[in-house]
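K.L.:
Going by my numbering, the first residue of the sequence shown is number 1359, and it counts up by one from there.
Don't take each hint at face value.
Mimicking BS3-like on lysine-lysine, the simulated pairs with C-alpha atoms at most 30 Å apart in a straight line are [what the hints assert, rightly or not]: (1) K1449 <-> K2014; (2) K1704 <-> K1665; (3) K1841 <-> K1740; (4) K1969 <-> K1958.
Quick list of the computed label-pair ranges, beta carbon to beta carbon [said to hold, decoys possible]: (5) K1996 <-> T1421: 50 to 60 Å; (6) E1425 <-> R1447: 16 to 26 Å; (7) S2018 <-> L2061: 44 to 54 Å; (8) N1435 <-> S1888: 45 to 55 Å; (9) H1828 <-> Q1769: 11 to 21 Å; (10) H1994 <-> Q2047: 21 to 31 Å; (11) S2018 <-> T1372: 38 to 48 Å; (12) Q2047 <-> I2019: 14 to 24 Å; (13) M1541 <-> R1609: 31 to 41 Å; (14) Q1979 <-> E1619: 53 to 63 Å; (15) E1948 <-> P1745: 21 to 31 Å.
Worth flagging that the hints you see were computed from the coordinates, not collected in a lab.
This structure is a prediction, so every number in the text was calculated from the model and none was measured.
Just so you know, even glycine gets a beta-carbon here, dropped at the ideal spot from N, CA and C.
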Amino acid sequence: MHVLETIGDERIQTYTVKNVRWKGHLKRLSLVLEEQDNTALKDQQAPRYLDVPLSACVSGGDTVFIEGQRIFVRCKNGDAQLAPAYLCREKLSVGGLKVDTLIKEITQADEHLSCISLAKFHYRDQPIFGRTSRLIARTFHPAYPKVLGYIELATPFYMNKARAKLLNFPFRNGMVSWEAWDMQTTRQYIHLIVRIARFVIHPEFRGLGLGQILTRHAAQFARTRWQVAGLLPYFLEISADMLKYVPFAERAGMHFIGETEGNLDRVVKDMGYLMKNAARVRSKEIVLKEACGIVDKQVANMERALKLQKEQGWSRNQLLNRLKRLSVDDVLQDYDLFWDIVSLPKPTYMQGLNKPSDRFISRRVAELSPPNDWEPVVLPVKPLDAPIQVENLTLKYISHVRRTRQTHAIQQAFGISPENINNIVVQDLTLNILPKEVVLITGPSGSGKTTLLNALAQRNLNKGLKQEGHIAYPDNVVMGAFKPIHSEKALVEIFSAKESMGSVQDALYLMGSVGLSDAFVFLKRFSELSTGQQYRAMLASLIARCANFWVIDEFCASLDTVTANVIADRLQKMARRLGATLVVAAPHCELFLHALRPDKVVLLTNAWEHKVESGAFFMSQLNPPDQWHNRVRQLHLKAEPFAASCRGEKTLTIRKNCLSINPGPLLLTCGNERLLVNVVSVEHLTLSQLTEDHAHRDGFPNLNTLHNFLHDAYPSLTEKSSLTAIEFERF
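Modelling step: build the complete structure from the supplied sequences, incorporating the hints.
P.N.:
If you want it as structure tokens, here you go:
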């Protein structure tokens, strides 16, 4: 993104934003010099242009000033930064897996398209009104989506009863103060609040801690870059039903402050007034007084109501009478018709974006103690009362050989004669599986993993299997095996029908706890889920059946590396949290071993050779490889070279020694500033092989100046010293 190209390197100036035009994934600002006092001269002035991300908080009439490579909007209570674009590097870790991720504003067309696709999948093109800004979690691995998730900030809803009650107390912070949060204060300071409007994580990448990371960065972005009507925000809030089932807001440090009212009590009055005066509302002749601050949303609701009235062939009174009958139940009558007009009460969380504001929130929450009417279900698993004891266990298959000319030929050729062939799979295994333990059974194919697991689960899938020795179970054992869910019902129907689940809300909480927290996933059949989602659904089924002894064969055999690590991590955490005993069998455990974190490992090699080791010792023998997926390398530049790179005057950097840097993303840093570039080529050469072209691309006037710079940077440099020339272009 060429933020400063048309401004050049003039002295620092202050500009007025004449207008803002949307240009694909960017905004183009038309600027005029602020120092022109004469308005007529200002209008005649040739505008300068500036491209910034769509998420940049700037409007026509704003005052913009440039300080080096940084661009700001002047606000009443500080300055909001526009450029360089927000960019931070995060390392997502689970087990031995590391995923390099950039949390950033959208600056590329492919990021914009990927984010739009993700939004369409989750929200079906439902609009957000007012100013919005998106931060994305961007990866560069060719097999993964470009955007793993995003968080979207927006202007707050004007009315929120829980928020109004919390803020209705004397407050002072710098130039901002009020004695009570009344209508006048609301009008004056509503834009001190910024709202998390949407939050989406790609279904296959849940469980990597991305929720808390995006929320933390949203707060940092809001603190330094969000502004509406010349006000930097002091408070961040979110209201959403999903917070009942996925408590990422609390984990990110936000405070529960109560529930919104919804609009059931007033929707009939609002829609009746607006529909009756639709023509005058469309012409902006009148608006509903009570709708002050949310006019766009109210008018959109009116248009939906008028469209529904036409589709159903109702009169206005018929539509309003149906709205009157709506009530807050598990299933709302006619809700499928009115879902985009009616809003129900939702939990609200807030946090302060600076220390005085957050202290104020904390103090008010402690004083008010807002009641939370919905408590999460206690997931119904009781730990084993005693260990499962395996003593001198031998498992063998007995095959009866039918006498034929062909089998007789084999017996003669190999000198074998018995009619019954005994195949010992496991011999004299002694093992104690303690309550709440996580146990891994591993070994090559044919070593007996599945046979042992079936014996532990009391499943005899082969009539020829003979068992010797003893397996003792505690009296309260409830067996649970991972198995597909054979039903054509939606997941929410399946789990809400379980005896252990008290309501639809309990079922949603259960699914959210295993990582199935997407609204459209709730409505899917088991057969319509991805393999990773099916694993999560089978885990939820185990929990709903109150099983306390979980057995899983061929664990993660059909999953990719990321999903295997996420599933293994979620599985062991759920087992330990609930007190279940978990036994999994897998031939290839290296990729997810450190995510599963077994307490005990049973190593099977052949019938007469097996051993039981502690999980910690086994993991120490198999240290995780450096599993960097989409790793983003980082190079530090001094201030001048960094500024030249930002301006596009420097497209090459030269480093001593042969560095292992591949084409792809590279993060250039200078203090707290970051610039994402794309490495086009990497050349290994000596000092004597440098040319004038290298010097020019590195931002130097000639080769001699480049040599002097390199000798200053690397005093021991000789003509034969190895160098790496890294050519890049800006993302």
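K.L.:
With reference to the structure, classify each hint as holding or not holding.
P.N.:
Cross-check of the supplied hints:
The suggested pairing of K1449 with K2014 holds, with an alpha-carbon distance near 27 Å, which does not exceed 30 Å. Between the alpha carbons of K1704 and K1665 the distance comes to roughly 26 Å, so the proposed pair stays at or under 30 Å and holds. For a cut-off of 30 Å, the pair hint linking K1841 to K1740 stands: about 21 Å separates their Cα positions. Proposed proximity of K1969 and K1958 is supported: the alpha carbons are some 11 Å apart, at most 30 Å.
For K1996 paired with T1421, a C-beta distance near 31 Å fails the hint of 50 to 60 Å. At about 24 Å, the CB distance of E1425 to R1447 agrees with the hint of 16 to 26 Å. Here the CB-CB span from S2018 to L2061 is close to 26 Å, at odds with the stated 44 to 54 Å. Restraint check, N1435 to S1888: a C-beta distance of roughly 47 Å satisfies the suggested window 45 to 55 Å.
In this structure, H1828 and Q1769 break the distance hint of 11 to 21 Å, their C-beta atoms being roughly 35 Å apart. One distance hint, 21 to 31 Å for the beta-carbon pair H1994 and Q2047, holds here, with the actual separation near 25 Å. Separated by about 46 Å at the C-beta atoms, S2018 and T1372 satisfy the suggested range of 38 to 48 Å. Checked against the hint of 14 to 24 Å, the pair Q2047 and I2019 passes, with Cβ atoms roughly 18 Å apart.
Hint check: M1541 to R1609, Cβ distance near 35 Å, so the stated range 31 to 41 Å holds. At roughly 59 Å, the beta-carbon separation of Q1979 and E1619 lies within the given 53 to 63 Å, and the hint holds. In this structure the supplied range 21 to 31 Å holds for E1948 paired with P1745, their Cβ-Cβ distance being about 28 Å.
Hints 5, 7 and 9 from the list above are not met by this structure, while the remaining hints are.
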